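Protein chains: 2
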Amino acid sequence: MKLIDGGITAAKGFEAASTAAGIKYQGRTDMAMIYSTSPAVSAGTFTSNVVKAACVKWDMDIVHSEKPLQAVVINSGIANACTGKEGFDACEATAKAVEEVLNVPYDTVAVASTGVIGMQLPVDKLTAGAKAMAPKLEGSIAAGTDASKAIMTTDTVNKEIAVEFEVGGKKAVLGGMSKGSGMIHPNMCTMLAFLGTDVAITKELLQEAVSEVVCDTFNMITVDGDTSTNDTLICMANGLAENEIIDKKGTDYDSFKEALLFVCETLAKRMAADGEGASKLFEATIVNAKSKEDAKILARAIVGSNLSKAAIFGCDANFGRFLCAMGYSGVDFDQEDVELFFKSVNGTLKVFDKGTPIVFDEDEALKIMKADTVTIYVDMHEGSAKATAWGCDLTYDYVKINADYRS
Amino acid sequence: MKLIDGGITAAKGFEAASTAAGIKYQGRTDMAMIYSTSPAVSAGTFTSNVVKAACVKWDMDIVHSEKPLQAVVINSGIANACTGKEGFDACEATAKAVEEVLNVPYDTVAVASTGVIGMQLPVDKLTAGAKAMAPKLEGSIAAGTDASKAIMTTDTVNKEIAVEFEVGGKKAVLGGMSKGSGMIHPNMCTMLAFLGTDVAITKELLQEAVSEVVCDTFNMITVDGDTSTNDTLICMANGLAENEIIDKKGTDYDSFKEALLFVCETLAKRMAADGEGASKLFEATIVNAKSKEDAKILARAIVGSNLSKAAIFGCDANFGRFLCAMGYSGVDFDQEDVELFFKSVNGTLKVFDKGTPIVFDEDEALKIMKADTVTIYVDMHEGSAKATAWGCDLTYDYVKINADYRS
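Chain order of the listed sequences is A and B.
Number 58 in the numbering used here belongs to position 58 of the first sequence; there are no gaps in the numbering.
Number 259 in the numbering used here belongs to position 259 of the second sequence; there are no gaps in the numbering.
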């Protein structure tokens, strides 16, 4: 597997376009289209929030059916959540506009939205935007990059990645893009992620790989503990790599899954690092826990704690907050077993040793905590399971961004 | 029942003292002592965090035994959590210092701490402080008020209250004090609360009343979602009201429980309103839910959401965030049933009507949201259960306070 340039258009047959449809933002692109020249099998994971956006319901119907998926239309600015029947009608109108211009059945067109909840989408602008993008579809890297920019809301950087790997002697590619900065606590965040691969794989195995990988990547990040109404990840596989179709587990499946894990973990970490107002990536790694589930819960509790996040922002080695978060996570453990370390590119420092605080050098702690990525590393000494979760610090800018989001 | 002046010293036989022991803060009081002239039965609720402070373990041993409770010694500045055996020894040394000066058995002396986790208490200062307070014990209102100030950390105001009520023809009093401003998400917050009543009641009924009332009051507040290692509520009942002892449920028990509910709810709301950095009290009321448990989970999800809290700070009527929080709370419901209102002393405004957003007057919304207390009122239309939770807004000052707590 090797990293290559590009994102959603990197794999064979994937094209993208974007446009400034004036949905809510002015003077920037706010719609993107992804198109596979060949009908693709799809897999997806969607928000676990019972208040699901209209577009999430629309996409679940397609992805969970046997239908192929050929295009995705995305808008930023308005989330199309809590919008009743009018919201669902907007999804259908968008898909039908795509049918008209691309000559693909409207029920093979997914739609995704991110932005303010509880506001209706301007359907005319949406359908006009879809129609404007169709003739501009391109397989170039630049087209993919532009699409990844059009779906941003409070994101400060676009997020895309692509890797090349081998399956059955054939070169295959997996590329993807994602957005997400606030309301990020995926159970399956408003994170949106779209992946395209030219690998040939059955729908069942694609979904299994996606579901497993999402649990260890996107579902292990948090910005603010708020699980969005719109979280959507869709992966399309169009088979244009011409490998022998992956229809059972084995070397080929493993190669694909390795690529998928790398792509998802990279996009997830970039989303966490670009969390609203964030100044750094905050990572928690739990090792030697009783079970994988325990390790995941503990790691997420640490990166999810407001007090921990504020300490990371302040470069304050207030390790008690991390232990406290572990303590209320719901996992049972004995603090007498626990060792806790601060880690970064600037060094490693043990601060808590099996029930007892260690007197440490504050200057050394400060140096470690000033890095762009700070890791809380915890050895539970009770088993062999491990997990890592990613979040970001809690800053003045988070409050600023969210105290007046709508205006 | 009527509100009277005072706090922890309001009931007969309760005395208090405070001192500046120099534990961590300089130039302010940081230790308090509560003393009942007559041995009291006690009841308590303690943090559900598995990382429990040494003092919590000490107090649980006493409160969960048949022993009477006669004194409580509290310090602010250092929490005595994650401190191993040395921390537990500090509790014992404190209780023994009290035994020496007050001539009460050391195992009838509770200790409580609040402040930084993972730092050892200076035992000499602690025992010297305990000894200095004993001769200063007084039943005056002023002594109680001073005690309520000595236990403050980032609190901006002290919190105390007292009520008078009748049991079996006798006048009885219940007074209390609490502190808590950050790391507040009680499952049983570092909130500390101490209540003293002169009512005569059995230990069993006292514990039952306390456990039930805490669930609807202190356990329904949140400042930051972080459940402390030190949360402690202790209620002492010394029987000096000379009522016939309450040993069964009935009118007398109900009178006491009503007083207890009022006192706990008042202290809990004051703690939420004084949450770290808070500019206002943020209340969520759920009505007509399927079950009480559902109503509580939904109400807590709303006041616990960072995005909701930031919107409350910004007076932004971004109602989708409240619906979103309800959606990820874990409670199953249909948004098509839900009505959502903004309420305050400045008016009531419906913004979401059974699945559909209502176009509302932004100026009216702003007026409502500018009040000191803002309520999100949600009618679920699916049952008859209700619950209220209290929190506060998320502000720049929260980040400021917590980015550099230790210095």
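To be clear, the hints were calculated from the coordinates, so they are not data collected in a lab.
Keep in mind it's a predicted model, so treat the numbers as computed, not measured.
A few of these clues could be false.
Here are the simulated lysine-lysine pairs, BS3-like style, with alpha carbons at most 25 Å apart [to be verified]:
(1) B:354 to A:57
(2) B:367 to A:400
(3) B:24 to B:171
(4) B:249 to A:400
(5) B:2 to A:343
(6) A:249 to A:2
(7) A:370 to B:2
(8) B:249 to A:354
(9) B:269 to B:343
(10) B:57 to A:354
(11) A:85 to B:24
(12) B:171 to B:249
(13) A:171 to A:24
(14) A:24 to A:67
(15) A:85 to B:85
(16) A:386 to A:269
(17) A:400 to B:400
(18) B:367 to B:2
(19) A:386 to A:343
Derived DEER-like restraints, expressed as beta-carbon distance ranges [to be verified]:
(20) A:366 to B:332: 30 to 36 Å
(21) B:290 to A:92: 50 to 56 Å
(22) A:61 to B:248: 55 to 61 Å
(23) B:293 to A:86: 29 to 35 Å
(24) B:290 to A:337: 52 to 58 Å
(25) B:290 to A:358: 25 to 31 Å
(26) B:105 to A:358: 32 to 38 Å
(27) B:332 to A:5: 28 to 34 Å
Positions of the beta carbon are idealized from the N, C-alpha and C atoms, including for glycine.
Quick rundown of the hints versus the structure:
Between residue 354 of chain B and residue 57 of chain A the alpha-carbon distance is near 18 Å, which keeps this suggested pair within the 25 Å criterion. The suggested pairing of residue 367 of chain B with residue 400 of chain A holds, with an alpha-carbon distance near 20 Å, which does not exceed 25 Å. Among the hinted pairs, residue 24 of chain B with residue 171 of chain B is inconsistent with the structure: their alpha-carbon atoms are about 41 Å apart, more than 25 Å. Distance check on the hinted pair: residue 249 of chain B and residue 400 of chain A sit about 52 Å apart at the alpha-carbon level, beyond 25 Å; violated.
The hinted pair formed by residue 2 of chain B and residue 343 of chain A fails the criterion: a straight-line CA distance of about 56 Å is larger than 25 Å. A hinted pair counts as satisfied when its Cα atoms are at most 25 Å apart, and residue 249 of chain A with residue 2 of chain A qualifies at roughly 22 Å. Annotation: proposed proximity of residue 370 of chain A to residue 2 of chain B is violated, straight-line Cα distance about 55 Å (limit 25 Å). Of the pairs offered as hints, the one joining residue 249 of chain B and residue 354 of chain A is violated, with about 46 Å between alpha carbons and a cut-off of 25 Å exceeded.
As the CA atoms of residue 269 of chain B and residue 343 of chain B are separated by approximately 17 Å, the hinted pair is consistent with the 25 Å bound. Distance restraint check for residue 57 of chain B and residue 354 of chain A: the Cα-Cα separation of roughly 18 Å lies within the 25 Å cut-off, and the hinted pair is therefore satisfied. The straight-line distance between the Cα atoms of residue 85 of chain A and residue 24 of chain B is roughly 59 Å, outside the 25 Å bound, and the hint therefore fails. Simply put, residue 171 of chain B and residue 249 of chain B have alpha-carbon atoms about 18 Å apart, close enough for the 25 Å limit, and the pair holds.
About 41 Å separates the Cα atoms of residue 171 of chain A and residue 24 of chain A, which puts this hinted pair outside 25 Å; it is violated. Between residue 24 of chain A and residue 67 of chain A, the direct Cα distance comes to roughly 32 Å. Violation of the 25 Å bound is thereby established for this hinted pair. A threshold of 25 Å between alpha carbons decides the hint, and for residue 85 of chain A with residue 85 of chain B the separation of about 62 Å lies outside it, so the pair is violated. Taking the CA atoms of residue 386 of chain A and residue 269 of chain A, the gap is about 18 Å. The hint holds against a cut of 25 Å.
In summary, the hint linking residue 400 of chain A to residue 400 of chain B is supported, as the alpha carbons are separated by about 13 Å, within the 25 Å threshold. A threshold of 25 Å between alpha carbons decides the hint, and for residue 367 of chain B with residue 2 of chain B the separation of about 33 Å lies outside it, so the pair is violated. A threshold of 25 Å between alpha carbons decides the hint, and for residue 386 of chain A with residue 343 of chain A the separation of about 16 Å falls inside it, so the pair holds. At about 47 Å, the CB distance of residue 366 of chain A to residue 332 of chain B disagrees with the hint of 30 to 36 Å.
At about 32 Å, the CB distance of residue 290 of chain B to residue 92 of chain A disagrees with the hint of 50 to 56 Å. Distance hint check for residue 61 of chain A and residue 248 of chain B: the Cβ-Cβ separation is about 59 Å, which falls inside the suggested range of 55 to 61 Å. The hinted window of 29 to 35 Å between residue 293 of chain B and residue 86 of chain A holds, with their beta carbons roughly 33 Å apart. Between residue 290 of chain B and residue 337 of chain A the CB atoms are about 41 Å apart, so this pair departs from the stated range of 52 to 58 Å.
Checked against the given bound of 25 to 31 Å, the beta carbons of residue 290 of chain B and residue 358 of chain A, roughly 50 Å apart, lie outside it. In this structure, residue 105 of chain B and residue 358 of chain A meet the distance hint of 32 to 38 Å, their C-beta atoms being roughly 36 Å apart. About 45 Å separates the C-beta atoms of residue 332 of chain B and residue 5 of chain A, a value inconsistent with the hinted range of 28 to 34 Å.
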